[in-house]
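Peer 1: Using the sequences provided together with the hints, build the complete structure.
There are 2 protein chains.
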Amino acid sequence: MNAAVFDAQEFRKALGAFATGVTIITTSGADGAPVGLTANSFNSVSLDPPMVLWSLANSAASLGTFRRAEYWAVHVLASDQEELSARFARRGIDKFAGLEYDAGRGGIPLLRGCMARFVCRTASQYEGGDHLIFVGEVLDFDRSEAAPLVFHAGRYAHATHRDSQATRPREAALAGSFSEDFLGYLLGRSHFAFFGQLRDSLEREGLNDMEFYVLSTLSLQPILSDEELARGLPGIAEERWQQALDSLVMRGFAHTRQRDGVAYELSERGRRCALRLISQAKALESKVLERFDAGEAAALKSLLGRLLGAIDEGADAIWKPR
Amino acid sequence: MNAAVFDAQEFRKALGAFATGVTIITTSGADGAPVGLTANSFNSVSLDPPMVLWSLANSAASLGTFRRAEYWAVHVLASDQEELSARFARRGIDKFAGLEYDAGRGGIPLLRGCMARFVCRTASQYEGGDHLIFVGEVLDFDRSEAAPLVFHAGRYAHATHRDSQATRPREAALAGSFSEDFLGYLLGRSHFAFFGQLRDSLEREGLNDMEFYVLSTLSLQPILSDEELARGLPGIAEERWQQALDSLVMRGFAHTRQRDGVAYELSERGRRCALRLISQAKALESKVLERFDAGEAAALKSLLGRLLGAIDEGADAIWKPR
Chain A
1 MNAAVFDAQE FRKALGAFAT GVTIITTSGA DGAPVGLTAN SFNSVSLDPP
51 MVLWSLANSA ASLGTFRRAE YWAVHVLASD QEELSARFAR RGIDKFAGLE
101 YDAGRGGIPL LRGCMARFVC RTASQYEGGD HLIFVGEVLD FDRSEAAPLV
151 FHAGRYAHAT HRDSQATRPR EAALAGSFSE DFLGYLLGRS HFAFFGQLRD
201 SLEREGLNDM EFYVLSTLSL QPILSDEELA RGLPGIAEER WQQALDSLVM
251 RGFAHTRQRD GVAYELSERG RRCALRLISQ AKALESKVLE RFDAGEAAAL
301 KSLLGRLLGA IDEGADAIWK PR
Chain B
1 MNAAVFDAQE FRKALGAFAT GVTIITTSGA DGAPVGLTAN SFNSVSLDPP
51 MVLWSLANSA ASLGTFRRAE YWAVHVLASD QEELSARFAR RGIDKFAGLE
101 YDAGRGGIPL LRGCMARFVC RTASQYEGGD HLIFVGEVLD FDRSEAAPLV
151 FHAGRYAHAT HRDSQATRPR EAALAGSFSE DFLGYLLGRS HFAFFGQLRD
201 SLEREGLNDM EFYVLSTLSL QPILSDEELA RGLPGIAEER WQQALDSLVM
251 RGFAHTRQRD GVAYELSERG RRCALRLISQ AKALESKVLE RFDAGEAAAL
301 KSLLGRLLGA IDEGADAIWK PR
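Chains as they are written, first to last, in the UniProt record's numbering: chain A, 1 to 322; chain B, 1 to 322.
Everything labelled a hint here was simulated from the structure, so no lab data went into it.
It is possible that part of the hints are untrue.
Since the list can't tell identical chains apart, any single copy or any two copies may satisfy a pair.
[Claimed, not checked] Heads up, simulated SDA-like pairs for lysine to any residue below, C-alpha to C-alpha not over 25 angstroms straight-line:
no. : residue 1 : residue 2
1   : K13       : A60
2   : K282      : N208
3   : K13       : L47
4   : K282      : L308
5   : K301      : P234
6   : K287      : A237
7   : K282      : P234
8   : K95       : D140
9   : K13       : G113
10  : K13       : Y71
11  : K301      : R155
12  : K287      : G235
13  : K287      : G305
14  : K13       : A57
15  : K95       : D80
16  : K301      : S286
17  : K13       : P49
Peer 2: What follows is the structure in structure tokens.
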């Protein structure tokens, strides 16, 4: 697109192609009042001396305060600080209300729980079109291990690290066959491997995999009708889950209730058994997810959730018998 | 950390907490030779006039060329351009060798296949410690829909969009129970839902889920011993997969071979059946993954792969019978 026919919205979209972290930049006014705003125009500039930069619209209400400020602080936000980002992006509210923060050099507010913080002294202010570029010398900084909040294409995002070459999946021997990179294979193997770790516990409770799966599904709601159960167990042949359900009822883990037709609920025994297994399964989940950072664990769950949405909704039509 | 005891490596790590996209910046020398380098110090500055900035080390070999350049181009890299990023980050090689590119204003090289490109005329060059800050007015730009290449904490990353509030999982009714956010539940449900879409095809081939899973595993290698099969089917009770395997052998989908003990391979019939089902499963995979961008699909597979690694390796010890 040529600048002669420059479309501001298209230009914004093109800029949005560049992913960034999210920062909150704070300072304090002449009256000592804390000032802050969300910005993703931050970047590093220099290592020696240590310097960073960011830019602020000439039209921003806080421009005057930052222009006159000797010190300001950049807070790089962590994955769990999306709400803080939204709060400091809003106008006309007291952004610091109810927030705990510390006082840094010159009394500037320092927020807590961030991935990294840089306390800076203004080194230069440069013109940049409708923005002013602030270059600061970094006087202090700190950092903590956390997952980052990411902004891309106008939305918040998670960052997940890529595989190194060493951990990439092997190709299959049979041409045209599944490889270990095939999604269906990964789903099946992850599922079996995960529940395989619970096998001994299940055996002690006298449950097989399908019975445990139906038991878990029953624990999602106090009482479930036949149809609700079927919707909660998509992709499983009805006779398979019915058989497991009958076995649970017969052995007193669940019982039937009348509610516009047949419905099921866990018995006290079933509830206690579910709680025991669930606490073990949750411990296993925590153990396994230790290998991921918080953002990656959230990304995995979010992607699986969207995968479910995609399977339930769209794929049905093409797989009916022809 | 105070600047008085400034540790350069710690400072780099703190800067790395801020996630960025990855760009390649190009220009051409007085002799017309193309010049380019990988940079993540890019950011937007101004909308009206449209301006962007980036910074370059004073020690960079190409500093003189960029200082004198009237035009330069910023290429925002897509998820599949990690190799291009690595190539332009290297020194002492001909970065443009064998690369197809177009000539932009002033003959500057424009690379292909990028997420976004900005052709700029230098507006200002500002001092920034050991770097020079280039501010450019954007003359042309273009953009394509793609997943971004992301850099965070010194490594390449994928960006995956977050759930909106509307799609966040419901909490379970039973306190302490699984919620729909529980990983084991998501894995089970995704696996069942995915294979449920293949149920009609499996029934036409006369296979149940476990027989199909064993058949797929046999297709990974030309011939598999008992132990190799067991390793390939972790988390599944031996009698379950043995029963499926026996049924496959009995019906001529696979046969046994002697190879230091019992081993198995697909028969011609099994191979043809596997190929039919696999092509359907791959079509289903493509259909489902249409809902994700390329980076997200890769992220999902990569996270599942790492999950498997974590389960296989670490979790075993804590789940043995007590």
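Peer 1: Now tell me if each hint is right for this structure.
Peer 2: Here is what the structure says about each hint:
1. K13 / A60: within (21 angstroms within a copy, 31 angstroms between copies)
2. K282 / N208: within (18 angstroms within a copy, 30 angstroms between copies)
3. K13 / L47: between (31 angstroms within a copy, 12 angstroms between copies)
4. K282 / L308: both (21 angstroms within a copy, 17 angstroms between copies)
5. K301 / P234: Both: 18 angstroms inside a chain and 22 angstroms across chains, each within 25 angstroms.
6. K287 / A237: between (32 angstroms within a copy, 22 angstroms between copies)
7. K282 / P234: both (23 angstroms within a copy, 20 angstroms between copies)
8. K95 / D140: Within one copy only: 24 angstroms inside a chain, 38 angstroms across chains, cut-off 25 angstroms.
9. K13 / G113: Intra 31 angstroms, inter 17 angstroms, cutoff 25 angstroms: inter-copy only.
10. K13 / Y71: Cα proximity of K13 and Y71: across copies only (22 angstroms, versus 33 angstroms in one copy).
11. K301 / R155: both (18 angstroms within a copy, 22 angstroms between copies)
12. K287 / G235: Result: close only across copies, 17 angstroms inter versus 28 angstroms intra.
13. K287 / G305: Intra 21 angstroms, inter 16 angstroms, cutoff 25 angstroms: intra and inter.
14. K13 / A57: Cα proximity of K13 and A57: one copy only (18 angstroms, versus 29 angstroms across).
15. K95 / D80: within (18 angstroms within a copy, 40 angstroms between copies)
16. K301 / S286: For K301 and S286, the Cα distance is within 25 angstroms both inside one copy (13 angstroms) and across copies (20 angstroms).
17. K13 / P49: Classified as between: cross-chain Cα gap 16 angstroms, same-chain 34 angstroms, threshold 25 angstroms.
Consistency with the previously given hints is maintained throughout, with no hint failing.
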